[in-house]
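*Asks:* Each chain, written out:
There are 2 protein chains.
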Amino acid sequence: MFIEIDFNSDEAIYVQLCNQIIMGIATSQFREGEQLPSVRQLADAIGINMHTVNKAYSILQQEGFVKIDRRRGAIIAIDLNKLAALQEAHDMLSVVLARAMCKGVSRTEIHELIDEIYGEYEA
Amino acid sequence: MFIEIDFNSDEAIYVQLCNQIIMGIATSQFREGEQLPSVRQLADAIGINMHTVNKAYSILQQEGFVKIDRRRGAIIAIDLNKLAALQEAHDMLSVVLARAMCKGVSRTEIHELIDEIYGEYEA
DNA sequence: CCCTCTGTTATACTTGATATAACACAGAAT
DNA sequence: ATTCTGTGTTATATCAAGTATAACAGAGGG
Chain A
1 MFIEIDFNSD EAIYVQLCNQ IIMGIATSQF REGEQLPSVR QLADAIGINM HTVNKAYSIL
61 QQEGFVKIDR RRGAIIAIDL NKLAALQEAH DMLSVVLARA MCKGVSRTEI HELIDEIYGE
121 YEA
Chain B
124 MFIEIDFNSD EAIYVQLCNQ IIMGIATSQF REGEQLPSVR QLADAIGINM HTVNKAYSIL
184 QQEGFVKIDR RRGAIIAIDL NKLAALQEAH DMLSVVLARA MCKGVSRTEI HELIDEIYGE
244 YEA
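Quick note, the sequences are listed as chains A and B, same order.
Under our numbering, think of the first position of the first sequence as 1, with each following residue one higher.
Under our numbering, think of the first position of the second sequence as 124, with each following residue one higher.
Be aware that a few hints might be false.
As the list claims (entries may be wrong) - Derived lysine to any residue pairs resembling SDA-like cross-links, with alpha carbons at most 25 Å apart:
hint: 1; chain 1: A; residue 1: K55; chain 2: B; residue 2: M215
hint: 2; chain 1: B; residue 1: K205; chain 2: A; residue 2: D115
hint: 3; chain 1: B; residue 1: K205; chain 2: A; residue 2: R107
hint: 4; chain 1: A; residue 1: K82; chain 2: B; residue 2: I136
hint: 5; chain 1: B; residue 1: K190; chain 2: A; residue 2: S94
hint: 6; chain 1: A; residue 1: K55; chain 2: B; residue 2: S132
hint: 7; chain 1: B; residue 1: K190; chain 2: A; residue 2: G33
hint: 8; chain 1: B; residue 1: K178; chain 2: A; residue 2: K67
hint: 9; chain 1: A; residue 1: K55; chain 2: A; residue 2: G33
hint: 10; chain 1: B; residue 1: K205; chain 2: A; residue 2: H111
hint: 11; chain 1: B; residue 1: K178; chain 2: A; residue 2: I114
hint: 12; chain 1: B; residue 1: K205; chain 2: A; residue 2: G33
hint: 13; chain 1: B; residue 1: K178; chain 2: B; residue 2: V138
hint: 14; chain 1: B; residue 1: K190; chain 2: B; residue 2: S217
hint: 15; chain 1: A; residue 1: K82; chain 2: B; residue 2: M215
hint: 16; chain 1: B; residue 1: K178; chain 2: A; residue 2: D6
hint: 17; chain 1: B; residue 1: K205; chain 2: A; residue 2: M92
hint: 18; chain 1: B; residue 1: K205; chain 2: A; residue 2: G104
hint: 19; chain 1: A; residue 1: K82; chain 2: B; residue 2: S217
hint: 20; chain 1: B; residue 1: K178; chain 2: A; residue 2: E4
hint: 21; chain 1: B; residue 1: K205; chain 2: A; residue 2: K67
hint: 22; chain 1: A; residue 1: K82; chain 2: B; residue 2: V218
hint: 23; chain 1: B; residue 1: K205; chain 2: A; residue 2: D91
hint: 24; chain 1: A; residue 1: K55; chain 2: B; residue 2: H174
hint: 25; chain 1: B; residue 1: K205; chain 2: A; residue 2: I114
hint: 26; chain 1: B; residue 1: K178; chain 2: B; residue 2: I136
hint: 27; chain 1: A; residue 1: K82; chain 2: B; residue 2: K205
hint: 28; chain 1: B; residue 1: K190; chain 2: A; residue 2: G104
hint: 29; chain 1: A; residue 1: K82; chain 2: B; residue 2: K190
hint: 30; chain 1: A; residue 1: K67; chain 2: A; residue 2: L86
hint: 31; chain 1: A; residue 1: K82; chain 2: B; residue 2: V228
To be verified - Beta-carbon label-pair distances, calculated as ranges:
hint: 32; chain 1: A; residue 1: A77; chain 2: B; residue 2: N142; range: 26 to 34 Å
hint: 33; chain 1: A; residue 1: V15; chain 2: B; residue 2: M173; range: 38 to 46 Å
hint: 34; chain 1: A; residue 1: Q41; chain 2: B; residue 2: R193; range: 51 to 59 Å
hint: 35; chain 1: A; residue 1: N49; chain 2: B; residue 2: K205; range: 37 to 45 Å
hint: 36; chain 1: A; residue 1: R31; chain 2: B; residue 2: S229; range: 35 to 43 Å
hint: 37; chain 1: B; residue 1: H213; chain 2: A; residue 2: R31; range: 49 to 57 Å
hint: 38; chain 1: B; residue 1: S132; chain 2: A; residue 2: L83; range: 17 to 25 Å
hint: 39; chain 1: A; residue 1: P37; chain 2: B; residue 2: D238; range: 35 to 43 Å
hint: 40; chain 1: B; residue 1: M173; chain 2: A; residue 2: D115; range: 40 to 48 Å
Think of the hints as simulated: they come from the structure by calculation, not from any bench.
The beta carbon of each residue, even a glycine, is placed where N, CA and C say it ideally should be.
Modelling step: build the complete structure from the supplied sequences, incorporating the hints.
*Replies:* In structure tokens form, the structure reads like this:
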């Protein structure tokens, strides 16, 4: 369990949690069917409130990354909706690329970044 | 001036404003040295508060997209810091790509999206 | 039957986003 | 000079969102 929270960040804690868990799934640190730590366990480990973790898990459920069972807790369960995923990726990329373009980052450099990150994830 | 705010979005209004203005710069709708509408003009046009626009402009200044003059208002002035831009792009892409990968989007499909968006911007 | 584990709900507290109002400075018109 | 109108700024208030504390409810193991 390698989750690092930056308390000085302007990003909400539950958002950081969501992102790190999703990245954990992408890197196969968490696998389909695997059980995440209970809200209390994780909250204590990080030093934050149980409710904040609960909110992160709820959002991950809503976005189709986990399923929540009252007895077993949160379990990795990807809901594959590729059309929605492509739409979401397009919208988020539009913002990221606009920022990069304004600052003089070329199309080639972006493609290189993509390959670099995909490399980190597939390894 | 084509700025559309979604009041049902979970994104804060000032964030939507920042993003749309940055996309406006990327599409050459706004050019270096050009003057943005005054905080009151834009606020009235959109139907929001002047202070919300002011916050967006302040953030754009802080991030190096505009300069604010008490007399002339906000003026497009890109502060080219490519190293920081590449770092930022890497961090944001890490999150976007993780989400996409989990949902079964391939590396090739991401590259296609990049080209598609760059095409829209350069046109 | 009790103890402990799970998530859930109710309630407060604190911070951030947005709005209202008054301010201060600069330039144009009179 | 004086007034008017434009700019961003600051102070204050309001409302929503993020986070925390505490008590609850169901499930399973001793």
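*Asks:* Now look at each hint and say whether the structure bears it out.
*Replies:* Here's how the hints hold up against the structure:
1. For the given pair, K55 of chain A sits about 22 Å from M215 of chain B by alpha-carbon distance, which is consistent with the 25 Å threshold.
2. Simply put, K205 of chain B and D115 of chain A have alpha-carbon atoms about 19 Å apart, close enough for the 25 Å limit, and the pair holds.
3. Of the supplied pair hints, the one linking K205 of chain B and R107 of chain A holds, its CA atoms being roughly 13 Å apart against a limit of 25 Å.
4. Only pairs whose Cα atoms come within 25 Å are accepted, and K82 of chain A paired with I136 of chain B is rejected, the gap being roughly 28 Å.
5. With a C-alpha separation of about 24 Å, the suggested pairing of K190 of chain B with S94 of chain A holds against the 25 Å cut-off.
6. Only pairs whose Cα atoms come within 25 Å are accepted, and K55 of chain A paired with S132 of chain B is accepted, the gap being roughly 19 Å.
7. Our distance criterion of 25 Å between C-alpha atoms is broken by K190 of chain B and G33 of chain A, whose separation comes to about 51 Å.
8. Annotation: proposed proximity of K178 of chain B to K67 of chain A is violated, straight-line Cα distance about 38 Å (limit 25 Å).
9. Annotation: proposed proximity of K55 of chain A to G33 of chain A holds, straight-line Cα distance about 20 Å (limit 25 Å).
10. For the hint pairing K205 of chain B with H111 of chain A, the CA-to-CA distance comes to about 16 Å; that is within 25 Å, so the pair holds.
11. For a cut-off of 25 Å, the pair hint linking K178 of chain B to I114 of chain A is broken: about 32 Å separates their Cα positions.
12. Taking the CA atoms of K205 of chain B and G33 of chain A, the gap is near 42 Å; set against the 25 Å cutoff, the hint is violated.
13. Among the hinted pairs, K178 of chain B with V138 of chain B is consistent with the structure: their alpha-carbon atoms are about 9 Å apart, no more than 25 Å.
14. A distance of roughly 30 Å separates the Cα atoms of K190 of chain B and S217 of chain B; the hinted pair therefore is violated under the 25 Å criterion.
15. About 20 Å separates the Cα atoms of K82 of chain A and M215 of chain B, which keeps this hinted pair within 25 Å; it holds.
16. A C-alpha spacing of about 24 Å is found between K178 of chain B and D6 of chain A, which places the hinted pair at or below 25 Å, so the restraint holds.
17. Distance check on the hinted pair: K205 of chain B and M92 of chain A sit about 20 Å apart at the alpha-carbon level, within 25 Å; holds.
18. For the suggested pair K205 of chain B and G104 of chain A, the alpha carbons sit about 7 Å apart, so the restraint of at most 25 Å is met.
19. For the given pair, K82 of chain A sits about 18 Å from S217 of chain B by alpha-carbon distance, which is consistent with the 25 Å threshold.
20. With a CA separation close to 29 Å, the supplied pair K178 of chain B and E4 of chain A exceeds the 25 Å bound.
21. Between K205 of chain B and K67 of chain A, the direct Cα distance comes to roughly 41 Å. Violation of the 25 Å bound is thereby established for this hinted pair.
22. Between the alpha carbons of K82 of chain A and V218 of chain B the distance comes to roughly 17 Å, so the proposed pair stays at or under 25 Å and holds.
23. For the suggested pair K205 of chain B and D91 of chain A, the alpha carbons sit about 23 Å apart, so the restraint of at most 25 Å is met.
24. Only pairs whose Cα atoms come within 25 Å are accepted, and K55 of chain A paired with H174 of chain B is rejected, the gap being roughly 30 Å.
25. At most 25 Å may separate the alpha-carbon atoms for a hinted pair to count; K205 of chain B and I114 of chain A meet this at roughly 17 Å.
26. Distance restraint check for K178 of chain B and I136 of chain B: the Cα-Cα separation of roughly 10 Å lies within the 25 Å cut-off, and the hinted pair is therefore satisfied.
27. Between K82 of chain A and K205 of chain B the CA atoms are separated by roughly 33 Å; this puts the pair beyond 25 Å, and the hint is violated.
28. The suggested pairing of K190 of chain B with G104 of chain A holds, with an alpha-carbon distance near 18 Å, which does not exceed 25 Å.
29. A threshold of 25 Å between alpha carbons decides the hint, and for K82 of chain A with K190 of chain B the separation of about 41 Å lies outside it, so the pair is violated.
30. With a C-alpha separation of about 22 Å, the suggested pairing of K67 of chain A with L86 of chain A holds against the 25 Å cut-off.
31. Between K82 of chain A and V228 of chain B, the direct Cα distance comes to roughly 7 Å. Compliance with the 25 Å bound is thereby established for this hinted pair.
32. Between A77 of chain A and N142 of chain B the Cβ separation comes to about 32 Å, which falls inside the hinted range of 26 to 34 Å.
33. In this structure the hint that V15 of chain A and M173 of chain B lie 38 to 46 Å apart at CB is violated, the actual value being about 28 Å.
34. For the pair Q41 of chain A and R193 of chain B, the supplied restraint of 51 to 59 Å holds, since their beta-carbon distance comes to about 53 Å.
35. Look at N49 of chain A against K205 of chain B: about 40 Å separates their beta carbons, and that is inside 37 to 45 Å.
36. Separated by about 19 Å at the C-beta atoms, R31 of chain A and S229 of chain B break the suggested range of 35 to 43 Å.
37. For H213 of chain B and R31 of chain A, the Cβ-Cβ distance of about 25 Å falls outside the hinted range of 49 to 57 Å, so the restraint is violated.
38. At about 20 Å, the beta-carbon gap between S132 of chain B and L83 of chain A stays in the expected band of 17 to 25 Å.
39. Between P37 of chain A and D238 of chain B the Cβ separation comes to about 40 Å, which falls inside the hinted range of 35 to 43 Å.
40. A beta carbon spacing of about 45 Å between M173 of chain B and D115 of chain A agrees with the range 40 to 48 Å that was offered as a hint.
The structure is inconsistent with the numbered hints 4, 7, 8, 11, 12, 14, 20, 21, 24, 27, 29, 33, 36, 37, although it conforms to all the rest.
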